[in-house]
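Colleague: Working from the sequences, and respecting the hints, build out all of it.
Number of protein chains: 4
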Amino acid sequence: MYGERLARWERKVEWPLVIAALLFLAAYAAQILATPEGVVETVAEVVLKTTWALFLLDYVVRLAIAERRWTWFWRHLLDLAIVALPMFRPLRLMRFFTIIALIQRNTGTMLRGRVAMFTIGATALTVFVAALAVYDAEQSSGGPISTFGDAVWWAFETITTVGYGDYYPVTVTGRIVAVGLMVGGIALIGVVTATLASWIVQRVSVEAEEASAATETQVEALRGEIAELKQMLREAPRA
Amino acid sequence: MYGERLARWERKVEWPLVIAALLFLAAYAAQILATPEGVVETVAEVVLKTTWALFLLDYVVRLAIAERRWTWFWRHLLDLAIVALPMFRPLRLMRFFTIIALIQRNTGTMLRGRVAMFTIGATALTVFVAALAVYDAEQSSGGPISTFGDAVWWAFETITTVGYGDYYPVTVTGRIVAVGLMVGGIALIGVVTATLASWIVQRVSVEAEEASAATETQVEALRGEIAELKQMLREAPRA
Amino acid sequence: MYGERLARWERKVEWPLVIAALLFLAAYAAQILATPEGVVETVAEVVLKTTWALFLLDYVVRLAIAERRWTWFWRHLLDLAIVALPMFRPLRLMRFFTIIALIQRNTGTMLRGRVAMFTIGATALTVFVAALAVYDAEQSSGGPISTFGDAVWWAFETITTVGYGDYYPVTVTGRIVAVGLMVGGIALIGVVTATLASWIVQRVSVEAEEASAATETQVEALRGEIAELKQMLREAPRA
Amino acid sequence: MYGERLARWERKVEWPLVIAALLFLAAYAAQILATPEGVVETVAEVVLKTTWALFLLDYVVRLAIAERRWTWFWRHLLDLAIVALPMFRPLRLMRFFTIIALIQRNTGTMLRGRVAMFTIGATALTVFVAALAVYDAEQSSGGPISTFGDAVWWAFETITTVGYGDYYPVTVTGRIVAVGLMVGGIALIGVVTATLASWIVQRVSVEAEEASAATETQVEALRGEIAELKQMLREAPRA
Numbered sequence: 001m002y003g004e005r006l007a008r009w010e011r012k013v014e015w016p017l018v019i020a021a022l023l024f025l026a027a028y029a030a031q032i033l034a035t036p037e038g039v040v041e042t043v044a045e046v047v048l049k050t051t052w053a054l055f056l057l058d059y060v061v062r063l064a065i066a067e068r069r070w071t072w073f074w075r076h077l078l079d080l081a082i083v084a085l086p087m088f089r090p091l092r093l094m095r096f097f098t099i100i101a102l103i104q105r106n107t108g109t110m111l112r113g114r115v116a117m118f119t120i121g122a123t124a125l126t127v128f129v130a131a132l133a134v135y136d137a138e139q140s141s142g143g144p145i146s147t148f149g150d151a152v153w154w155a156f157e158t159i160t161t162v163g164y165g166d167y168y169p170v171t172v173t174g175r176i177v178a179v180g181l182m183v184g185g186i187a188l189i190g191v192v193t194a195t196l197a198s199w200i201v202q203r204v205s206v207e208a209e210e211a212s213a214a215t216e217t218q219v220e221a222l223r224g225e226i227a228e229l230k231q232m233l234r235e236a237p238r239a
Numbered sequence: 240m241y242g243e244r245l246a247r248w249e250r251k252v253e254w255p256l257v258i259a260a261l262l263f264l265a266a267y268a269a270q271i272l273a274t275p276e277g278v279v280e281t282v283a284e285v286v287l288k289t290t291w292a293l294f295l296l297d298y299v300v301r302l303a304i305a306e307r308r309w310t311w312f313w314r315h316l317l318d319l320a321i322v323a324l325p326m327f328r329p330l331r332l333m334r335f336f337t338i339i340a341l342i343q344r345n346t347g348t349m350l351r352g353r354v355a356m357f358t359i360g361a362t363a364l365t366v367f368v369a370a371l372a373v374y375d376a377e378q379s380s381g382g383p384i385s386t387f388g389d390a391v392w393w394a395f396e397t398i399t400t401v402g403y404g405d406y407y408p409v410t411v412t413g414r415i416v417a418v419g420l421m422v423g424g425i426a427l428i429g430v431v432t433a434t435l436a437s438w439i440v441q442r443v444s445v446e447a448e449e450a451s452a453a454t455e456t457q458v459e460a461l462r463g464e465i466a467e468l469k470q471m472l473r474e475a476p477r478a
Numbered sequence: 479m480y481g482e483r484l485a486r487w488e489r490k491v492e493w494p495l496v497i498a499a500l501l502f503l504a505a506y507a508a509q510i511l512a513t514p515e516g517v518v519e520t521v522a523e524v525v526l527k528t529t530w531a532l533f534l535l536d537y538v539v540r541l542a543i544a545e546r547r548w549t550w551f552w553r554h555l556l557d558l559a560i561v562a563l564p565m566f567r568p569l570r571l572m573r574f575f576t577i578i579a580l581i582q583r584n585t586g587t588m589l590r591g592r593v594a595m596f597t598i599g600a601t602a603l604t605v606f607v608a609a610l611a612v613y614d615a616e617q618s619s620g621g622p623i624s625t626f627g628d629a630v631w632w633a634f635e636t637i638t639t640v641g642y643g644d645y646y647p648v649t650v651t652g653r654i655v656a657v658g659l660m661v662g663g664i665a666l667i668g669v670v671t672a673t674l675a676s677w678i679v680q681r682v683s684v685e686a687e688e689a690s691a692a693t694e695t696q697v698e699a700l701r702g703e704i705a706e707l708k709q710m711l712r713e714a715p716r717a
Numbered sequence: 718m719y720g721e722r723l724a725r726w727e728r729k730v731e732w733p734l735v736i737a738a739l740l741f742l743a744a745y746a747a748q749i750l751a752t753p754e755g756v757v758e759t760v761a762e763v764v765l766k767t768t769w770a771l772f773l774l775d776y777v778v779r780l781a782i783a784e785r786r787w788t789w790f791w792r793h794l795l796d797l798a799i800v801a802l803p804m805f806r807p808l809r810l811m812r813f814f815t816i817i818a819l820i821q822r823n824t825g826t827m828l829r830g831r832v833a834m835f836t837i838g839a840t841a842l843t844v845f846v847a848a849l850a851v852y853d854a855e856q857s858s859g860g861p862i863s864t865f866g867d868a869v870w871w872a873f874e875t876i877t878t879v880g881y882g883d884y885y886p887v888t889v890t891g892r893i894v895a896v897g898l899m900v901g902g903i904a905l906i907g908v909v910t911a912t913l914a915s916w917i918v919q920r921v922s923v924e925a926e927e928a929s930a931a932t933e934t935q936v937e938a939l940r941g942e943i944a945e946l947k948q949m950l951r952e953a954p955r956a
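Residue numbers (the numbering used here), protein chains in the order written: chain A, 1 to 239; chain B, 240 to 478; chain C, 479 to 717; chain D, 718 to 956.
Derived by calculation from the structure, the hints in this document are not laboratory data.
What you are looking at is a predicted structure, and each value in this text was computed from that prediction instead of being measured.
Beta carbons: idealized from backbone N, C-alpha and C, even for Gly.
A hint or two may mislead.
When the alpha-carbon atoms are kept at most 16 Å apart in a straight line, the in silico EDC-like pairs for lysine to aspartate or glutamate are as follows [unchecked claim]:
{"no.": "1", "chain 1": "D", "residue 1": "K947", "chain 2": "C", "residue 2": "E706"}
{"no.": "2", "chain 1": "B", "residue 1": "K251", "chain 2": "B", "residue 2": "E280"}
{"no.": "3", "chain 1": "B", "residue 1": "K469", "chain 2": "C", "residue 2": "E703"}
{"no.": "4", "chain 1": "A", "residue 1": "K230", "chain 2": "B", "residue 2": "E306"}
One-sided excerpt, in silico: chain D residues whose CB lies under 8 Å from chain C [claimed, not checked]:
{"no.": "5", "residue": "L773"}
{"no.": "6", "residue": "D775"}
{"no.": "7", "residue": "V777"}
{"no.": "8", "residue": "G880"}
{"no.": "9", "residue": "E942"}
Modeller: Right under this line is the structure:
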C-alpha cells in the first residue's frame, strides 16, 4: 500500500517488536508490582527506555521509507501518539495497543478459529494491563481497590459487565481505565456473539439448502456442451 | 416522498440546524454546569429561546410545504413533541434526539464504517446529555450523585450495563433518564455486535465460497453462445 | 393443524381473550396496589374469577373440538398449567404468558418491524408484571424494595442487566421472579441485537452484491432459447 | 478419525458415562450439601472413587485403541487433565465439563432447536455446579455467601451479568469459579443472540427473496435439453 520497501521492513521487524513489547509490559508490571528496590527499579527503567527507543526507531524508519509519506503520516497518528506519549507514566500503557495490534497481525486472516484465539489473547492481556493501571492509580487513593489481586478480580467483573460493586475505582485515572475496560467488555460480548452467530447461520443454512444454488462449475459444464454442439453443427452440414 | 420542495428545504437547512442544535446543547449545559450569574444565564436563555424558535420555524415551514400534509403530520408527531415540549425544563433535552437524527442523516447511507462512526458519536452525545440531565435532577436530592464528574462516570457505568452501584439516581426524573440510558446501552451492545457479526459473516462466507454461485454475467454469456448457435443453424442448412 | 373448526374458534375468541387477559391483569394489579377496601377487593375478585372461568372455558372447548386430541393435549401442557395454576395467588401471573402469546399472535408474521413492536410491547408488560409480583412478594419482607415505584425501577435495572444493587429481592418468590426477569433481559439483548444484525447484514450485502446471482427467471429464459433452437432444428433439415 | 474401533467404543460407552457423570455430580453435591455423617459420606466417597475409576478406564482404553496415538494424546490433553486432576477436591468439578460434552454430543447435529435445548441444559448445570463450588469455597470465609440458596441466587445474578452486589465471592477459589461463570454468561448471551439472529435473518431473507436463485436441478434440466439437441443434430443430417 505504501510501497514494497515498507512492507518488507514490517515483515522483518515483526517478531523483534513483539518481543520488545512484551519486555516493555514486563518492565511496566515490575515497576508497579515489585517494591522498587534499587536493582529491579534500574533494570525496569532501562528496559522501558530501550524498548521505547526501539519503537521510536521503527516509527521513524517507517515514516522515512513509506511512499506517499503524508498519507501514511495522517493515517498513523495513533502510532505517533503511542510513540510520543509514554513519556508520561500513566500513559505508558498505550504500548498495550501495540501488542494488541501485533497479536491481531499474527493471527493472520480473520477466520472463526483465529477470531476466537485473538479474542482470548486480547481479553487476557486487556484484563492484565487494566488491572495493573488501575492498581497503580488506586492503591494509595483510599478507594476499595488496594491489592493487585483485587484489581484483577475487579477487571474481570468489569469486562464481563457484571459489576457487583464490591470494588470500583475512585480516581479519575482509574475511572478512565475503567471506561476503556467497559468498552472492551461491550466489544468482547460483540465478538463472541458475532462469531457464534456466523457459525450458527452457516450451520443452519447448510442444513436448509436442499436445493443448492447452481455453481460456476456447472455453468462452465453447460458452456462446454454448447461448444461441442457448435462444433457438431459446423461439421454436420458438410457431411 | 412529500414533494420536491420539502426535500430541497431539508437539504438547505440541514447544516444551520446542526449548528442551532449544538448551540442549544451548549446553552443547556452552561445553564446546568455554570453557577448562573447574570451574563452567562442571560446569554444561555437567549440562545435557548432563539434556537428553539428556529426549530419551531423549521417545523412550520416543513408542514406548510409538504405534499400530503396530513400523512406528514401523523408521521412526524415526534418532531412536534420535540418542538412543543422544551418549554418545560426537564424535557428540554428532547432536543437531543434532533442532534442524534442529524448525526444519522449526515453519516448517510448506512455502511459498516458509517455505522461505527454514528455509534461512537451518538454514544458520546448520549452519555454527555444523560450526565447533564441526571446531574440537574440529582444534585440537590441527597442521593449519591452530587458532582458532574460523578454523573459522567455513572452514565458510563450505566450505558455499558456494568452498574457497580457506587452511584445511582434516587429522583423520579433521574431514574427516567437512567432507564433511557439503559435502553441506549442495550441498543449499543446490539449495534456493536451486529456490525461485528455482519463483518465476520461476510469474511467467513468469502473464505468458504470455493464453489461460487453462478452469476448473471455467466448466464448472459451462455445466452450469447446459444444465440450464435441459432445463427449458425439458420445459415447452415442453406449451404 | 388440528382441524378447521379449532382454527375458526381461535380466530373468533382472539379479541375477547385479549380483553379478558387485560381485565385479569388490571384486577391483579388493583388487588396488589390498592389497599383492598371492600368494593375494590370484591370487584377485583369477581373479575379475576370471571376471566379465569373464560380461559378455562376456552381451554375445554379447544380440547373438545381439536382433531388428534391427544397430540393437542400433550403439545398444550403449558396452556393447561396456565389454566390450572392461577388458583394459587403467586402463580396467578402465569396469565401473563397468555398476554405475551396474544401480543405475538397479533403482531402476525415476524418481520423486522413487527419484531420491534413485539419486543417493546412484551418488554413493557414484563417489567410491569414483574414489578407487581416482586412488590407483592417483597413489600413486607424487610428487604430494600418497599414501594411499587422502587419495584418498577428495580425491574428496569434488572431486565437491562445493569443491577446497581440499590434494590434487590430477598424472598424466594421475589428471587424466582428476578431470575425470570434476568432471563428476559438476556432474551431482550438477543432480540435487539439480532434484529439490528439482520438489518445491517442485509444493507451491507445489498451494497456488496455487484455480481448478483443467476435467477430462476434467467434460467427459464435460457430454456426458452434452447426450445426455439430445437424447433428450428426440427424444421431446418426438411427445408 | 482415529479408527473404527475407537468410534465403536465411544458409541458403546456413551450412556454408561453419562450415568457415571451424573452419579459423580450427585455424590459431589451430597458431600458439600449434606452434613456428612458416616453413611452418606462413605457412600459419596465410594461413588466418587468408582466413577473416577470408570473415567480413567475409559481414557486408558481410548488411548490404547486409537490409531495415530500421539496425535490423539495431544488433542485430548483436556481429557487427561479431567481424569488426572479430580484427586484435588476443588478441581473435582472439572468432571462438569465431561457432562457438558456429553450433553452436547447427545443433542446431535447443531440445529436451532437443539442449540436451544443444549443452552438450557448447559446453563442449568453450570449454575448448579458453580453454586455448589462457590458455596463449598465461601461458606466458612466470612463473606456474604453463607447458604446454598444464596449461592444459587448469586450464580443466576452472575451468569446473567446483572451483579447487584448483595452477594459476591471473597476467596480466591470462589472468584476463579465466578470468572468462569461470568465467561459462561457472555457465552450465554452470545448463543441466545446468535440463535435468534440466525432465525430472524432466515425469516427476513425468505420474505425478501422474490427472485430465488437458480438451482442445480434447473441447470441439470437445461443440460438434458442440450443433450437432446445434440442427439437430434446427430440424426438430422443423415435424414
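Colleague: Quick one, is the D:L773 hint okay against chain C at 8 Å, beta carbons?
Modeller: Because about 37 Å separates D:L773 from the closest Cβ in chain C, which is outside the 8 Å limit, the hint is violated.
Colleague: Taking only the CA atoms, is the gap from B:K469 to C:E703 under or equal to 16 Å?
Modeller: Holds, at about 9 Å.
Colleague: Using Cβ atoms only, decide whether D:G880 comes closer than 8 Å to chain C, and label the hint accordingly.
Modeller: 5 Å, holds
Colleague: Within a Cα-Cα threshold of 16 Å, do B:K251 and B:E280 meet the stated pairing?
Modeller: Given pair B:K251, B:E280 is violated - Cα atoms ~31 Å apart, limit 16 Å.
Colleague: Between D:K947 and C:E706, does the CA-CA distance stay at or below 16 Å?
Modeller: 14 Å, holds
Colleague: Quick one, is the D:E942 hint okay against chain C at 8 Å, beta carbons?
Modeller: 5 Å, holds
Colleague: Does D:D775 meet its interface restraint, that is, does its C-beta lie within less than 8 Å of any C-beta in chain C?
Modeller: Given a least distance of 35 Å, the restraint on D:D775 is violated.
Colleague: Would the pair A:K230 and B:E306 pass a check requiring their Cα atoms to be no farther apart than 16 Å?
Modeller: Violated - the C-alpha atoms of B:E306 and A:K230 are around 60 Å apart, more than 16 Å.
Colleague: Interface hint check: D:V777, Cβ to nearest Cβ on chain C, cutoff 8 Å. Holds or violated?
Modeller: Not OK, violated: D:V777 not within 8 Å of chain C, min 41 Å.
Violated hints, in rising order: 2, 4, 5, 6, 7; the structure is consistent with all others.
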